[in-house]
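Those sequence lines, one after another, are chains A and B.
Residue numbering for the first sequence follows my numbering, beginning at 1 and increasing consecutively.
Residue numbering for the second sequence follows my numbering, beginning at 1001 and increasing consecutively.
Please note that a few of the clues may not be correct.
[What the hints assert, rightly or not] Below, in silico cross-link-like pairs of lysine-lysine (PhoX-like), each with a Cα-Cα straight-line distance of 20 Å or less:
#  : chain 1 : residue 1 : chain 2 : residue 2
1  : B       : Lys1492   : A       : Lys653
2  : A       : Lys128    : A       : Lys243
3  : A       : Lys701    : A       : Lys762
4  : A       : Lys662    : A       : Lys550
5  : A       : Lys548    : B       : Lys1029
6  : A       : Lys769    : B       : Lys1134
7  : A       : Lys130    : A       : Lys493
8  : A       : Lys430    : A       : Lys243
9  : B       : Lys1134   : A       : Lys662
10 : B       : Lys1105   : A       : Lys835
11 : A       : Lys653    : B       : Lys1278
Calculated from the structure, these hints are not laboratory results.
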Amino acid sequence: MNSKNKKGVLHLMWTTKSAVLMIFMLFLSAGAFAQGKKQVSGTVYDNTGSVLPGASVIEVGTKNGTTTDFDGKFTLQVAVGGAIEVSFIGSTTQKVQITATTANVDVRLQNDGYALAEVQVVSVGYGKVKKSDLTGAISTVGADDLVKGTISSTEQVLQGKVAGLNIIRPSGDPAAGATLRLRGGTSLTASNSPLIVVDGIAGVDINVVQPSDIKSIDVLKDASATAIYGSRGANGVIMITTKSGTKGVSVVYSGLSSTGYVADNLDLLSANQWRGHVRQTGNTDAVDYGGNTNWQKAIEQTAISQSHTLSINSGKADSGFRTSISYLNNEGVIKKSGLERISGNVSAYQYLGDNKDVKFDMGLFANIDKWNPIDYRIFERAYNLNPTIPVYDANGNFSSVSGNIYENPVEILTNRTVDNERHRLLGYFKTEVKFLKDFTASANISLEHNAVKGATYKPSYAVMEGRTEDGYAQRTYAEYTNAQGEIFVNYNKTLDKHTIGALAGYSYFENMYEGFGAQRSGFVTDAFGYNNLGAGYNYRLGDVYSYKGKSNLVSFFARANYSYDGKYLLTATVRRDGSSRFGENNKWGTFPSASAAWKISGEEFMDSSKGWLDNLKLRVGYGVTGNQDGIGEYKSLSILGVGNDSYYDPVTKTWSLAYSPKQNPNPDLKWESTQQINIGVDFGLFNRITGSFEWYSKTTKDLLYTYEVPQPPYLVGTMLANVGEMSNRGVELTLNANIIKGNKFTWDANLTLGHNIQKIEKLSNPTYKTDVIYSGSLHGLAGMSGQYSQVIAEGYPVGTFWGFQSAGLDADGKMLYYNAGGETVAESALVDADKKDLGNVQPDLTLGIGMNFTYGNFDLGISGYGMFGQKALNATNMMLNDPNRLPAFNVPDDFLSSGITSAPKYSSYWIEDASFFRLQSLSVGYTLPLKYKGSKLRIYLMGENLAVFTSYKGVDPEIGLNAQDGADQTGLAAPGIDRYNNYPRPTTISVGLNFTLNN
Amino acid sequence: MKIKITAAILLSMLFTVSCTNLNEDLYDKVEDGNFGNTPKEIDALVGGAYSSLRGFADGISNNYPTCEYVFFLNEVVSDEATIPTRGTNWYDGGQYQDAQKHTWKPDNRMILSAWRYNYTGIAKINAIIYQIDKSSLTTQAKTPIYAELKALRAYYYYNLLDMFGNVPIVTNFEDLDLPSNSTRKQVYDFVEKELLDAIPHLNSNVVYSKLTKNVAYSILARLYLNSEAFIGTPRWQDCLSMCQKVTGYTLTPDFFANFATENQTSTEIIFAIPYDSKAGTVGNYMSSMSCHYLHKLTLSPTGNYPWSANGMCAQPGVYSAFADTDKRKKCMLAGDQINLATGSVIIMDNGEPLTYTENLTSLGDAKENEGVRLGKYEMKAGENWERDHDFVLIRYAEILMMQAECYVRLGSPELARPFLQQITARAGEEMPATIDLHFIDQELLKEFTFEGRRRTDNIRFGTFFLPWWEKGATDKTRAIFPIPSSVLTTNKNLNQNPGYPVN
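Pulled out of the complex, with its shape left as it was, chain B reads as follows (with noise of 0.2 Å):
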């Protein structure tokens, strides 16, 4: 009996111990509710704002869309740059070559990609404003986050506009409801708006990488460039004006200081993303994408570097615009690559030499050591495969350029001449005795080679249309790129952009 007695009192005792809690314990998490209540819990939230300009990784994309994509995608497009096959590799299912040849499809990897680093970052500016709005901070101290996330946002829907037009436009977090587009008229006006709104309320100082007063001048300035292109209305007066109101910047004497790995210290930057591979940011890797595997041994004699993974590289006639005084044409590699070890020629796999040539046998079949290299940032021994230097968005010189441009293009290309002059005096270059357009063209392919905003120059001068290396005329219907289709399948409310197949 005693037995059973004590039987019992072990069943019990494991009916008083358990339960039917369901509730998930968080340790090494925090639920939404639970964030914002202090001033370095909100520091916290506004900086992964910022830190998704970096980009992201999963499972659809693979990869970091910053540089892979919307950088590769706006310069792969353009007259600037190209990734050609390679015998087997660099084909990945002709989305390149599509590139290249302006027949992309709305299935191409890319374009999805692009999409989707823009919408990301806006969902999760929209899902911060949410923990701003329910923290406990007064209505004016939260005026100022407000404005910096909302133009913060304008930025991503200013890219959306530029790249795909008539793009949703979605602001509260809560809402899940699926959206149809907006027309593209309706987005730059969106962009316009909350830039303007905001502000009054952002920084007036300069700080390095924050949104602030003059980064909302300056991405004001490129839409009103762009407004013929984006709407068919065109504003240089508007754009002269808010580059003006840009102020606290000045070139550098060095061109290279902007892209060297401290370039946070340059005068020069108004925008940009910084990195740093201590602080395990990863996506900045665009030199290594560029390169030739054995290109580390131009670097260190024992091949203390990253591997590089010889892609994009510059299109026939790039290289050659550059007269050979232009300090700037350093900024691709070609010709020769020594080997600091041996101080001869390295020879790659197949017993050739590795010789960066400007010409390229063609698209589909290059050779490994075809094509110029993108040689603009730093690249020394010892680095990693992440880079340490921040990637520039807005610099003064497009502020320059832009005012030359705006004033060759209202009729008074003298007026454009101060501008140009700095830009060129820092190249080495001599000034032309008129300034015209192709002027202008030639020297925002010069100053901002590779800096991903070729593009969108392309379609402001016509140029984009017009056949080149590999490329036939293309279509006006073009100048944006079709809604993806994965999106399209996921979201019926939305319509594809005219000129696209639905898929």
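Bound conformation, chain A alone (with noise of 0.2 Å):
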């Protein structure tokens, strides 16, 4: 800090100084006006320090009082000797007793998480909910207790937040997604996302939203829970409030930077323990190239990163804006990797007539993602090369061996230019309107629009296919638009105890994706990069391409509530859908649901539990939701494309396109179907914890895969087709307590626990017969050419490791295998039949914990999360510790002590327990109070990702959920492999500041 900044802090804190000393002084000279009463003045804070207007300020025992004003402020006539009690909802009430001294009360309300929790609204879809009214499965999380940090994606807030929600992130490469996955998934080759819903919208990316913009996120679990979306509702809903315009003027600043670096990479030979085992070996064929290098470390960079987010916001009685614009830059732990974002958001309601009879609502979110996609090539190649290979050769270019998989990394990823860029927007606009005094009615349109651009250039002096390409550039652009229509009606009554809801209501969804592209290769000079296509001379039938498609759904919909008291509550949805993409015999489907709640706490005979029990309610629900997803444009038809059936027409010595037909057609299919069934438990203990208990129960039907069918008679060989069932089964628990509530100091945990049990109930039908599905993919590595690791198969889990059961090594370090009479045997003497369940990629249990310590102004929060009882493929270290390997190869540390002399096969030996807890993130905080209207500052030092405690060998136990070769992330069907695609993850350490200015 230099000395003019340090002259800025004395100056503030002499400026709060003297305005504590003139408020002071005010108060002592009103007090000497009142007589046996005297006038109180005060100012109410809540926990987090800033002013709470609307608190309620009464003297006891009276029915003298007052609210506190926009400032927070009061002033109250008190009898001296008596006492006021201040109250706020969704806060413990707080008594101050009156002396004859006192003048001035500052009071600061503490959470009372039980009341708080009760009256939060939850959106549930086409409406919001009381959260004692519920009667679905739903876990709610606010905009404190998201995740924070140097986050580019916007699922990371809820990791380990929600019982059930499993978030995997299995890189650490800044422009990756996470996989989001709720109570174990339900579909093998479907997305098993849930559905985001922001604002209402149903159907977007969910980060077209930034964490800043995020006021709470409620995510709907269970089938009841979700069947008002039909569908899509299968794998659960989330619903993304973002903040707007509340009573007030605020400004927000916050801002982040912070330092990653690389949290653990893999303990390969060094230059110099590679000519130690060379000279004790005396392999006088090794090539010693005479550099040092670590080639993991040549690929790798300390990460700066940084984020500003800048907000305003505005309310007033009937109106309300707010505003926001970000920036984050985040750079990868490996060279040239990262991604920078620009965002922007406006939001504004309005009100209409004297009793708020109309509302507007419009929202607007925009951002611009920049991003250089690495070649992660590199990491296999990182680990291949021999550490006496320099970086750069005497000359000072790239140092080029020749050899297979033996690229120089750095080379690969200085000499290739990929620059990508996402542009994303949703804007919407909606109208409430009441009438008739119980009815409301709401139109809703939205727009979601989201494209992206790549550009790629590959220079002739590329090692990496550029070479042999002499040059190659490509430039491509994809996009999608969402076109959203909606109108529903909302009817409200309530009469004596009984109070009446219904909705009813309709929607359009329209989804429009184009795209094009144009690569060429053979560049004279590399001068150009990817901005002059037409350069290249060398072109290829297919270099040119673009495509668009359309798809759309219909749906109608409805709910019905009904609660007696309070106390017995009743939701029955139901939903029709119709799908462009499905199949001519399964246009329509129908999504119902009922649940219902018994609030026991409520009843009289749980009045001696009242001093305790602060809440019981018992909830149960059923429903069918589906998944649609799977199924793409067009695929039950009949088409005919071209592609790449071109001919060859001996006559004109030319080549021409073919149109062939390209699939089997499936005039059936449909939405996987999933039913659901639920009962859960909430409960509030001693008015300090509180939480839910969920058991659930799920049976997915007519399962999606491209089943082998018979050829023939079949066109082709596979076929998209509805027919396995597949089963999930667990139990969840959500707890969060208010362990310690003192004025100065104060401690809130939260822990989240899920068990899921998933099994595959069904594979064939009378039409399509599957014995066992083989997944798990292996091509692609050395000897491994379409070998399989996994089945999918009745009775299993999917994700099952299938293969031999290792006996380990025998003295010459030939690897020993049990065959199936428990007989230890050679590698030779293996039969198909020896080969067994290994184990399955299915957690017994994830947790999630979290707490938040606040001392005066100080604040700590520490949180993490684990999976535990899951299985995975060292598929990494399997191929590294290959005795073909070395002197070329590099190989791991271990490889020279482990004696091994067999060449790499798939066994139990390289399956792991891949169980860990990961101490994600911990802060520390301090906030500088400014008398300036509740305004104040607020600094921290934060660290993410600090340890991970696993047994697991590899470079990390969060493996991805679908490792297949060029597979995408989606479906269930390989997952738990770590094969050498490893981005390492970061730990990084940042800097905070939260600056807040009311007015």
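Two chains, two separate frames, one set of hints: put the complex together.
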């Protein structure tokens, strides 16, 4: 800190001090006028130290009272010796004794966990419901509880926060997203991501909203809650409510600057270890290139990241607006990788009419991402290259030693240019009209647009492909637009103890996607990069392409609620979805649900437990939901297309394009349907602990898979069809506790636990017969072309490793195995029947834990998450512990002591327990209260990914859910395989600052 | 009130613009009913039947079966080629070792892919015939198109007859009932009848790469040549008469002209699968599958040639079967491989020189440099992984060899001499004093090395069942492959071939 800044802080402190002094003197003088009664003034703050308008201040035992103004201030005439009671909804009430000397009373109210939770309003789809009136399984996470830090993908804010929701981030690449899985997932091939709903707009990209704009997130978990979203509800629904203009005016700045470094690398031989080994074994063929390179370090960097967010909020009685702008630049720990984003958000609402009869509400979210995708093949090369090869040769050029999978990874990173850019936009306009006293009609229209531009250039001197292609340039563009219109009417009526609610509506959703691209190779000069495709002289058929498609979804939905005396609650919903993607014979699907809740603690016979039991509610729900993501457009039709089908015309000596049937048409194609029953208990204890326990059982039928069909008679050997059946059963526990809630010291804790058991129930039906699907492909690993590590089979969960049981190594380092009879045999004696279940990738337990402490103006937060009991195939280790590698290819340190002499072969030897607990974040903050209308400044220090507790031997035990070659991360088909492409995870240390200015 | 009216109008607007129409609008594809109405569209449909000869890639095979499977499979179970395991590489579940040892199982992926290659081609042709049926063409215009398509389909069935024997015959695209096996004899009769029926309507001229009369005669000649092996009835005379109908071809003076990048100009090729990487064709990379990773340095000093996979090579004894004077010997790459940049022998990763040797340590543990490699098709600097040369299926030399073999088998070896002379003269070889079957067999090996047809010759000559390198005696039932296990799983109406387990 330089002297100029120091002076500024001193000045600020002086101003604050003198302001306090002046206010104090003012109160003193005011007190002199009171006789018997005295005038007491004060300010009420919430638990975060912000002023609290609207809190009630009452003289105990009287009707004398007032409420705090916009600045949280109050003034009240109180009898000396009496007391005042300060209360606010969702907070614990505080009593303050008034003595003759009392003049100024500053009260800081603490949250009442239970009370606060019960008055929270929860988004349930096409409406909101008080948490106390819920009948379905819904978890709510408020803005304060969202994960903070260097976040470049919005779903990360929920990591470890919702019981049953696993968020797997397989990579430390800032440009890589995370995979969400609720209650084990439901689909083998389709997306298992929950439906994202932002401010009521369903089906949007979660990253259109920045974490700083989120007010709260409600996660709809069971079918009774998600059935209102019908054919898209099977994997749960994440309802994001964004911040909107609240009463008053505030300007908030948040900034974060961080340094990240690679948390862990593989221990491979250093150049000197390599030399030692070569000398020891007397290997005369080994080539020493004279360098001393740690190839993993050579591709890494220290990542410097920053983010800034500025928001302005202004609200009056009948209108409000909020705007925010943010910038983030997250560098990756691998050179050249990172993500830069600029985003903006404007939202506004306006009531019209004397009774706020009409409400207009609009929101606009936009952001631009820029990133440079790196070629993940560098990781395998960094493991392969001999450590004596220097990065640069004597002439300063990248050294290049020819070999198989042996290109210089630093060269690959440096010499290829990939510039990608994504634009996201979401805009909505909502109208709400109250009519006939009890009715509210709503109309929403929205548009979401998402476009990705790609540009690649591999110069002719780049070793990977570039050289053989004489330079290669590519430009791509892809976009989609989701247009949506919805109208619905809500009816709400309370008659005595009866409360009735009803909803009916219609929704139209249209997805239009298109794109084009061009590529060329053969450039005389590398001067143009990707900017002049026409300069490439070599082009092939298929170098230019474009595509376009459309789908729509039409829905009718309805809901009815009834409650009696707030104790007996019933909800029923139904949605009827029609999708253009479905086959001709199954265009429409109906998704019903029903649920009931009983607030036991509201019964008279529970009066005796009132002292400790704040709330006890039992919920039961059943519903049917669908997943239609697995069906792409046009999959049910018999279609002719062009593709790779060119044919030679010997007369003209030219090539023409053939039109061929592309797929087996399946007019029966439909959504995957999930039936789920959920029983839940919500409870509140000792006014300190709230929580819920859920038990669920769900069965997914009509599982979509690209099944092998008999040829003949089918056109192609595979066909997308609805065949299998899968079940998930489990329990979840969520606990929130205000362990200590003193005036000065508070201690909050939250815990989420999830346990899920998955099983494939069926894979065949009368038309399609499948005994087993081989999955977890090892294709692409040396000697393992066409080999599989897992099975999808009846009676087993997805991700079941299937192979030979290792019996360890013999004295010569040869791998031994157990045969089916339990005898130890050599590899050559193994037969297929010796293969067995080697464990699976499903965790037995998932855990999220967080604690927050405050002491005066200091705060401390700690959070972590873990998964336990899952297995992973450490294919990286399997391939690196290969006696054929040395001396040309590097090996792990452990290999030399292991004595392994067998070539890599997939077996239980390489399957490890991948249980882990990650200390995800630790933060320490100090809030500087600025006495200017509750303004405040918080500075904090934060560490992320500080430690991982695991016995897993690879770089990181959190392994992607679909490691299949080139496959996306959506399906369940090949989880838990660690194969080379590990982008290492960073450990990050950040300094942050939040500045809130109220007016 | 005004506000409410505005809102009501907004609401009703939504109703009017939306609907419940769920028809799919197509933008970049066409539904099958809307195609086949112009001559160009018909050409584009029929063209698809030919493009299927190149094979396909999908989630099950992962690869392009033309080269990788139909070709590999027929080669690696013969006495000609092998895919040894080299260190870690090319083990792949033992599928190649099983092929070499003649211990293949019904779940062998090469066998599945060969099956799928042929049936995908057949299904595609059935679909095209169905499209033509629905088109607005006159019956007269349809006849030659049907003939061409059915003859091409018969080629696929010929492959199935040869490889699997008792396969189901499916000719109707709309029939989705699960078929059951036909006997090998029924398949044989079907192939013969389809070709004979088609011939009158096929093109009589020499048209490169199309299924003409000449191609149909050649396939029938193959059928009759192997008739004894297929159904137990020799038909040497029928083979001769079919060969005699093939006209318009001559041997190219240079043997290797048939395997040059621009081999479509060869006067010898009767039937070929055209490839051109610029036209986006994929699946033609046999040489790359055979050569060593560093072979590129023998073609370009800067290594401007794609990576090669170091897989298939010749079995011991094949290379030395050629006389050094035999011009065809160059179809294999042997000896020291010279780095064009340094002029000396290429050094491999392990520090040893890259010298292709005829002998291999063993099938299960061959060294990186062992085995002579396939060098028949032209390779040159600057090429892509996907090659531009066409893949030769039938060439005139085969017509000559078939006739020679038939005369020997019919007991008139001297009548074979004029045919064989053309072959040996081009190769620079001497003719023997007496012509016997052994000579014919050896000549077939040398003339058609790595052309994907050796297995059929081995079976016809009976050598298939005798022990050879890394293989013991073979049971007669292995003259055909088993029906792939996953096909049996999905179609319970099918029976496994005799001698094989169901799975």
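Now the hints, each set against the structure:
Distance check on the hinted pair: Lys1492 of chain B and Lys653 of chain A sit about 46 Å apart at the alpha-carbon level, beyond 20 Å; violated. For the hint pairing Lys128 of chain A with Lys243 of chain A, the CA-to-CA distance comes to about 16 Å; that is within 20 Å, so the pair holds. Pair hint Lys701 of chain A plus Lys762 of chain A holds up; C-alpha atoms about 9 Å apart against a cutoff of 20 Å. Taking the CA atoms of Lys662 of chain A and Lys550 of chain A, the gap is about 18 Å. The hint holds against a cut of 20 Å.
The straight-line distance between the Cα atoms of Lys548 of chain A and Lys1029 of chain B is roughly 9 Å, inside the 20 Å bound, and the hint therefore holds. Distance hint between Lys769 of chain A and Lys1134 of chain B is unfulfilled; the C-alpha atoms sit about 32 Å from each other, more than 20 Å. Taking the CA atoms of Lys130 of chain A and Lys493 of chain A, the gap is near 15 Å; set against the 20 Å cutoff, the hint holds. Distance hint between Lys430 of chain A and Lys243 of chain A is fulfilled; the C-alpha atoms sit about 16 Å from each other, no more than 20 Å.
With a CA separation close to 18 Å, the supplied pair Lys1134 of chain B and Lys662 of chain A stays within the 20 Å bound. As the CA atoms of Lys1105 of chain B and Lys835 of chain A are separated by approximately 16 Å, the hinted pair is consistent with the 20 Å bound. Distance check on the hinted pair: Lys653 of chain A and Lys1278 of chain B sit about 14 Å apart at the alpha-carbon level, within 20 Å; holds.
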